[in-house]
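Please model the entire structure based on the sequences and the hints provided.
Protein sequences, first through last, are from chains F and H.
Each residue of the first sequence is one higher than the last, beginning at 48 in the working numbering.
Each residue of the second sequence is one higher than the last, beginning at -19 in the working numbering.
No lab work stands behind these hints: they were computed from the structure.
We put the CB at the ideal spot given by N, CA and C, even for glycine.
A hint or two may mislead.
Counterexamples of contact, computed for chain F against chain H with all Cβ distances above 10 angstroms [unchecked claim]: (1) Gly97; (2) Glu212; (3) Leu304; (4) Phe310.
Computed Cβ-Cβ distance ranges for the label pairs, DEER-style [stated by the list, open to error]: (5) F:Ile297 with H:Pro185: 39 to 47 angstroms; (6) F:Gly97 with H:Trp(-6): 51 to 59 angstroms; (7) H:Trp(-6) with F:Ala89: 53 to 61 angstroms; (8) H:Gln235 with F:Ala89: 43 to 51 angstroms; (9) F:Trp146 with H:Gly216: 48 to 56 angstroms; (10) H:Asp123 with F:Arg105: 25 to 33 angstroms; (11) F:Ala89 with H:Asn20: 50 to 58 angstroms; (12) H:Val63 with F:Arg81: 39 to 47 angstroms; (13) H:Leu262 with F:Pro210: 30 to 38 angstroms; (14) H:Gly30 with F:Ala88: 57 to 65 angstroms.
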Amino acid sequence: MTRRRFHTGFAWLATLLFCLPIYLALVNAFKDQRQILANPAAPPAPFTFGNLTRALQRPDLLVQAGLINSVVVTAASVIILIPLSSAVSFYISERSRRWKALLLAMFALGLMVPPQVVLLPIVGLLQSVGLQHTYTGLVLSNVGGGYLSFAVFVYVGFLRGVPREVIEAARVDGASDLRVWWQVVFPMVRPATATVAIFLGLWVWNDFLNPLFILGPLKGQTITTGVYLSVGTYSTDYGQLFGIMFLAAIIPVIGYLVSQREFIHGLMSGASK
Amino acid sequence: MKGRAGRGLAPVAWLAILLYVLFLLYPLGRSLFLSFTDRNPLKADSTFVGLRNYADLFDDDRLLATLKFTLLVVVVVTLVANVFGLAFALLLNRDTRNYRVMRTLVFVPQVLSGVIVAFIWRSILTQNGLLNAALAQVGLTSDTAWLGSTNLATLSICAVVSWMTIAFATVVYSAALRTVPPELYEAARVDGAGAFERFRAVTLPMIAPGMTINVVLCLITTFKLYDVIAVLTGGGPANTTQSTAYYLLEAAFTQNLFGYSSAIAMLLLALTAGIAYTVTFLLRRREVRL
Chain F
48 MTRRRFHTGF
58 AWLATLLFCL
68 PIYLALVNAF
78 KDQRQILANP
88 AAPPAPFTFG
98 NLTRALQRPD
108 LLVQAGLINS
118 VVVTAASVII
128 LIPLSSAVSF
138 YISERSRRWK
148 ALLLAMFALG
158 LMVPPQVVLL
168 PIVGLLQSVG
178 LQHTYTGLVL
188 SNVGGGYLSF
198 AVFVYVGFLR
208 GVPREVIEAA
218 RVDGASDLRV
228 WWQVVFPMVR
238 PATATVAIFL
248 GLWVWNDFLN
258 PLFILGPLKG
268 QTITTGVYLS
278 VGTYSTDYGQ
288 LFGIMFLAAI
298 IPVIGYLVSQ
308 REFIHGLMSG
318 ASK
Chain H
-19 MKGRAGRGLA
-9 PVAWLAILLY
1 VLFLLYPLGR
11 SLFLSFTDRN
21 PLKADSTFVG
31 LRNYADLFDD
41 DRLLATLKFT
51 LLVVVVVTLV
61 ANVFGLAFAL
71 LLNRDTRNYR
81 VMRTLVFVPQ
91 VLSGVIVAFI
101 WRSILTQNGL
111 LNAALAQVGL
121 TSDTAWLGST
131 NLATLSICAV
141 VSWMTIAFAT
151 VVYSAALRTV
161 PPELYEAARV
171 DGAGAFERFR
181 AVTLPMIAPG
191 MTINVVLCLI
201 TTFKLYDVIA
211 VLTGGGPANT
221 TQSTAYYLLE
231 AAFTQNLFGY
241 SSAIAMLLLA
251 LTAGIAYTVT
261 FLLRRREVRL
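This is the structure we're talking about:
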């Protein structure tokens, strides 16, 4: 009994120590500059919303504009990626063994290529069709790049577990391929869709490189690049800094806490493969 | 003929493949092509220069320094993240509410973007930052520039990236540990195996696939390290904390050396792919032996 208590106590100590930087960012978002430097680790007393209101009252609307842009880019990317990747995965898993191997090898490449390696040609391509510095260009490069590879591998892996009889039965009933996919397969791979949506949503939201180089500094920013480009000059105004950080991080963190069961499930299916 | 489903999906499927070709395969091919030219957007024409860009790589002291730095960070982060991630996962491997909450907390660094993580750490590590303020508070006057000198800045970057990666590794190892059937531990216990024996003979072989994935993902993600460096040190002091990925972007977008930067890109790709494949191969072979 005491041994178990000791173990739990030690586990909590390690966890809290590990999370100390997050704790610091959290409490200091609600303290003023003087309090922060006087005692960085102390809880906020008195509690102030000054940093948050100051962050929201910036004339450049960094936080508001950044959040809206991030929501739009992330939603558009994920909403296009899901049907596209699940359809191509179903298509791949129905092909002959040789085609399947070929297509999967092609998509495997995308899991490994560092985004920096393809960034310059992507920017050139977008420039030549007039989509550089546009949200459309950013979303397209999200949809066509390595994220698609990830989604395809999650779906193809999951489709292995879908019984062939179900698909055959639907086809015997005369359903078109499009209907088989949309009405039979898509509902059956829901856990895979959850994994893909959660991870891609998080990655696109947190993405730095593509928005930084495709949108460019003058044409609007996602919250991640916005923080990077504007906060640099405030680096010693910790109150302001932590206020902006808090507002920038709150959406993904809440999303994670809400969806953590699927999160862990997705990681589990990845780790056991 | 055995009918195959999915033909009706061909238009959607080929649209996906087309996008993939446009935004991944074509850019790869284009990078390869550019690496054989002296393309520079400020000059009207570019000429084919064969392998000159690749030959130049070996004479570029800055590039070699970034390679050394990148490999150092990759090795340190992969080792630290896997050792601590596994230890952390073992420590938290119980299925009560307390432990579930702890596992949830440990993953949070992965949920934040690298930019935010780096800003949090920068405000901790910078010279008049929180760490030095806390040290002053307990009577240790400290004005150590944790990000200001080459060695400390390198150490800081390793620490911050390890911190993020430990969060990821812990959750993957936790998931892998849950796939170990409890009967195996019982059997080992009956056979008189101690805690360390049980870990070596049961846990380690059972989580070997998870370990392979974890190590390879750590390698791949650390090789493309960019955002943490951009925020934490900006590559400084004196370019000593530049990763190869960082230098590549500088050569491409600041110096406009499209040809040369593409050769760096190919080198980075070859290194990442080569090391990832080799390590996967070695670990998979080990999985079988375990």
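Against the structure, the hints:
no.: 1; hint: Gly97; verdict: 17 angstroms, holds
no.: 2; hint: Glu212; verdict: 12 angstroms, holds
no.: 3; hint: Leu304; verdict: 7 angstroms, violated
no.: 4; hint: Phe310; verdict: 8 angstroms, violated
no.: 5; hint: F:Ile297 with H:Pro185: 39 to 47 angstroms; verdict: 42 angstroms, holds
no.: 6; hint: F:Gly97 with H:Trp(-6): 51 to 59 angstroms; verdict: 55 angstroms, holds
no.: 7; hint: H:Trp(-6) with F:Ala89: 53 to 61 angstroms; verdict: 60 angstroms, holds
no.: 8; hint: H:Gln235 with F:Ala89: 43 to 51 angstroms; verdict: 47 angstroms, holds
no.: 9; hint: F:Trp146 with H:Gly216: 48 to 56 angstroms; verdict: 50 angstroms, holds
no.: 10; hint: H:Asp123 with F:Arg105: 25 to 33 angstroms; verdict: 31 angstroms, holds
no.: 11; hint: F:Ala89 with H:Asn20: 50 to 58 angstroms; verdict: 55 angstroms, holds
no.: 12; hint: H:Val63 with F:Arg81: 39 to 47 angstroms; verdict: 40 angstroms, holds
no.: 13; hint: H:Leu262 with F:Pro210: 30 to 38 angstroms; verdict: 36 angstroms, holds
no.: 14; hint: H:Gly30 with F:Ala88: 57 to 65 angstroms; verdict: 59 angstroms, holds
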